[in-house]
Amino acid sequence: MAFVTNSPTDHEHDHGPAKGWMRWVVTTNHKDIGTLYLVFALSMLFVGGTFALTIRTELFQPGLQLVNPEFFNSLTTMHALIMVFGAVMPAFVGFANWMIPMMIGAPDMALPRMNNMSFWVLVFAGVLLLSTFFMEGGAPAAGWTLYPPLSIQGAHNIPFVVFSVHLLGISSIMGSINIIVTILNMRAPGMTLMKMPLFVWTWLITAFLLIAVLPIFAAAVTMLLTDAHFGTSFFNAAGGGDPVLYQHLFWFFGHPEVYIIVLPAFGLISTVVPTFSRKHLFGYSSMVYATGSIAFLSMIVWAHHQYTVGMPLAGELFFMYATLLIAVPTGVKIFNWIATMWQGSITLETPMLFSLGFIFLFTLGGFTGLMLAMAPADFQYHDSYFVVAHFHYTLVVGGTFPVFAAAYYWLPKWTGYMYDEKLAKLHFWLSFMGFNLTFLPQHFLGLAGMPRRIPDYAVQFADFNMMSSIGAFILGFSQLIFAYTIIKAIRGGEPATDEVWEGAERMGLEWNLPSPPPYHTFQSPPSAELIEKVTTTEVTMT
Amino acid sequence: MNRLQQLLTGTILFSLGTVVHADYTLNMPVGVTELSRDTYDLHMMVIYICAAIGLLVFGAMFYSIYAFRKEKHPVSANFHENTKIEILWTVIPFLILIAMVYPATDLTIRHYDTDNAEMTIKVTGYQWRWRYDYVDEGFGFMSSLKAESNAARQMDSGIDPRRVQNYLQDVDHPLVIPVNTKVKFLMTAADVVHSWWVPDFGWKRDAIPGFITDAWASVDKVGIYRGACAELCGRDHGFMPVVVDVRSKEDYQEWLAEKKAVLEQENAQADRTWSKNELMVKGEDVYLSACAGCHQPNGEGIKGSFPAIKGSPIATGKLDDHIELVLEGKSTMGGFAEKLSAVELAAVITYQRNEFENDSGDLVQPTLIKEWLDDLGYDVE
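Top line first, the protein sequences correspond to chains A and B. For the record, in the first sequence the residue sitting at position 467 is 467 according to the working numbering, with numbers rising by one throughout. Remember, the working numbering sits 542 above the position in the second sequence when you count from 1.
Isolated chain A (complex conformation) (with noise of 0.2 Å):
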């Protein structure tokens, strides 16, 4: 391999891991933290299953059978926190951390030292956060949106749940930082800005969000733990403050947030579909220009999450119409994907199948989300069923099938081991399945004015129901076959080539490295001509 960056002539020293389980506490390796990252996301998938499960078993039949109303209140709240910040939030840092680097063509993050804190923080938040289960009152149980007064309700959790939200929110912070200044100033000469791959543009563009508005939910949270214990009144009506205002503190962060989610995964999506479809993405730059666009107009639409707050009418009709408009650049995606689709030279593989299922469901989600859009039609669909099928059809897919796309994408190259197609394809098929038997019921429920959080309901609603947790255990069930496969990979098959994927080796720098790549690459930088093979569209890619 002429583009191996290990020649025998580097002065540097040919670092290998460090020895010994301590490897994974110091290291400052791009390619481990990654690693680190995508363990644990998958460990928090595992957890914040459980706790849908365990929701989904209570809600099996009409009536209380296995929890009482205190505990539901926390597991979905626990669910949600843990799922946004848990798994899916730290599974596209890892692929951040394992990709940016050998996308464009750097030898490592920026700041490699500070990579490591920032894993490390997001672990103790995480266990800080899991830790109110076991305290006297239990986990915070008025939502993942903690709205007050109900949050505040004599919760002893709230000191803890406050804190950790704000090491959620710096481990995310440096993460960007490290982000930024990787892209900014380590890309090889000749990878200019406009010839990145997208997924390290959406990255870029995410990070930026980040920063923008985690400050502004710190914010919030502070001012919650504040009113609960040092007599303030921010939300606080009695004391002349208004409960609505924390509502328009979070939902400036949160309705970014599921952004801060969904543009990630667009950039893999933009990546897995030329592979597959043999072609180049249709529309490079538009696709840059609709990311920027949806980041934007992301932070100007919040109330829409808030219709029924009573808001004056010109409020209530800014953020409709501005709402509205983000399907314009979410459109322009997914008329890109189908175009590089067109006339390309299709194959199947499991990445290819979560990508298309990512784009029939997420466009479903999308549809939804227009109608949602709508103020007065939102005034039935409001905190119905219809938002919990709506954002799971816009998360879940967006949070987990890019996700297991991108896995199976790279894991070749990663592990050196093509992983079994057979199970990959199963486990695709079965959350497909899952998914949509878990989801699709819900809308209907929602519309027959079924309430959202409620842990017992009206027998009308049972089949559905009981439809809804069979999908959810079959979900659920399904991604022990990931695990499964995951494990398998990495401990052997059939050896991947080096571009693993046909074709691949135009795709993007990272597959003209060995598979799997070694411990540092790109010490030095890629020559012009390999910048040049991997950026350019003028070649037909069959």
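Watch out, some of these pointers could steer you wrong.
[Said to hold, decoys possible] Only some residues are given here: those of chain B computed to face chain A with a beta carbon under 10 Å: (1) VAL588; (2) HIS615; (3) PRO616; (4) ASN620; (5) ASP702; (6) TYR709; (7) ASP756; (8) CYS771; (9) ASP778.
[As the list claims (entries may be wrong)] Rough simulated footprint, nothing fancy, chain A against chain B, three-plus residues with beta-carbon under 8 Å: (10) 593-606; (11) 633-644.
[As the list claims (entries may be wrong)] Chain B residues, not near chain A, derived (Cβ > 12 Å throughout): (12) ALA659; (13) TYR676; (14) PHE683; (15) ALA812; (16) ASN896; (17) GLN907; (18) LEU910; (19) ASP917; (20) GLY919.
Since the hints were made in silico from the structure, they are not lab data. For every residue, glycine included, the Cβ atom is placed at its ideal position computed from N, Cα and C.
For this one, chain A is given, so just place chain B on it according to the hints.
Using the frame of chain A, we list chain B on its own:
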């Protein structure tokens, strides 16, 4: 037409292959107000637009998967970027959005138009019941989950919810309003944020402590309409249904007269002296509906969340402290001064001080409570 629409929606929504069953409600109710019907129409319009877009997008996607698969199309084309088509697929969606926004804006404005209401109901959310005040008539009452549902919904109650009529959708005292009358609803809450929702009226509105939000409905069909609290409000969020009994104008007037007569009688009761036995019997009823949700039917509370009444320093200590606590509330417990009548307050305090081996022997008369309420500045009548 409606039937056809429903059929169409059902087919569209079910195209992913679930089984259609006659008992299920698949779609939003058309409802019984002008707002709910127009909301339904808007909802259907967006569904049809989405279905049309979906047909095109998914059509192109599945066609590509089929026609451009590698076996059939081994050599991929190499084209990218086409300004014309990119402008088209930006502008067309934008135009579709404008078409959608027009009726949506109109409907939002009408939702907000609470002027010229013929009567006003103040809705107050409590953990976990509703209070309805007939502002023009000067009376009001609490509306709680019906006892049968409440018994069946307890953990391991042994009661099959399917055998309970209107399980979790029935209350002791429904809101009664007249048909064909523009009713303005003023929403607020006493403790945390709630949300008042009747799907057949076409909207929900948040009830926020310290603030008043409003909405309106003019129901054009006599009947009973059921809904629920839609905003998470704590442990029994799922157990505070909304029931509205819409009656003909004559029936409503009749009900109003009866209700007023009963209230007068109850007020008279508050001025006489009650025996211990009377207070204890009434007190148990009140305790089970108003207190047992947190402090538990056996008075032992839930450790870490809700203190016990049994052997509590308040219930066995100074009577004044106990009365004040119940009337004014403490930490997560809101005051009961406005939630319960003087008779109910007297009875439940007496009950708490003598049941659960508390045995203080104290009797609290409704007249004493009325004095307290008066001192605290509440409206005693």
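No chain A beta carbon within 12 Å of ASN896 (chain B)'s
holds, 27 Å
Is the interface hint satisfied for HIS615 (chain B)? The criterion is a beta-carbon contact with chain A at less than 10 Å.
Result: holds, 5 Å to nearest chain A Cβ.
Just want to verify: PHE683 (chain B) was marked as not at the interface with chain A; is every Cβ pair farther apart than 12 Å?
Nearest chain A Cβ is 23 Å from PHE683 (chain B), so the label holds.
Evaluation of the interface hint that places ASP702 (chain B) against chain A, nearest CB under 10 Å
holds, 8 Å
Is the coverage entry for the segment 593-606 of chain B by chain A consistent with the three-residue Cβ rule at 8 Å?
Per the Cβ count (7), the hint holds.
Using C-beta distances, would you say chain A covers the segment 633-644 of chain B, given that this needs three or more residues below 8 Å?
holds (count 5)
Against chain A, does TYR676 (chain B) hold up as non-interface, every C-beta pair farther apart than 12 Å?
holds, 21 Å
Take a quick look at ALA659 (chain B) and tell me if its Cβ sits farther than 12 Å from every Cβ on chain A, holds or violated.
The claim holds: ALA659 (chain B) sits with its nearest Cβ about 16 Å from chain A, beyond 12 Å.
May I ask you to test the interface hint for ASP756 (chain B) with respect to chain A, counting a Cβ-Cβ separation under 10 Å as satisfied?
Hint on ASP756 (chain B): holds, closest Cβ of chain A at ~7 Å, below 10 Å.
Next item in the hint list is ASP778 (chain B). Is there a CB on chain A closer than 10 Å to its CB?
holds, 6 Å
Any CB of chain A closer than 10 Å to the CB of TYR709 (chain B)?
holds, 5 Å
Assertion that LEU910 (chain B) lies farther than 12 Å from chain A (Cβ)
LEU910 (chain B) clear of chain A: closest Cβ-Cβ about 27 Å, beyond 12 Å.
When each numbered hint is compared with the structure, no violation occurs for any of them.
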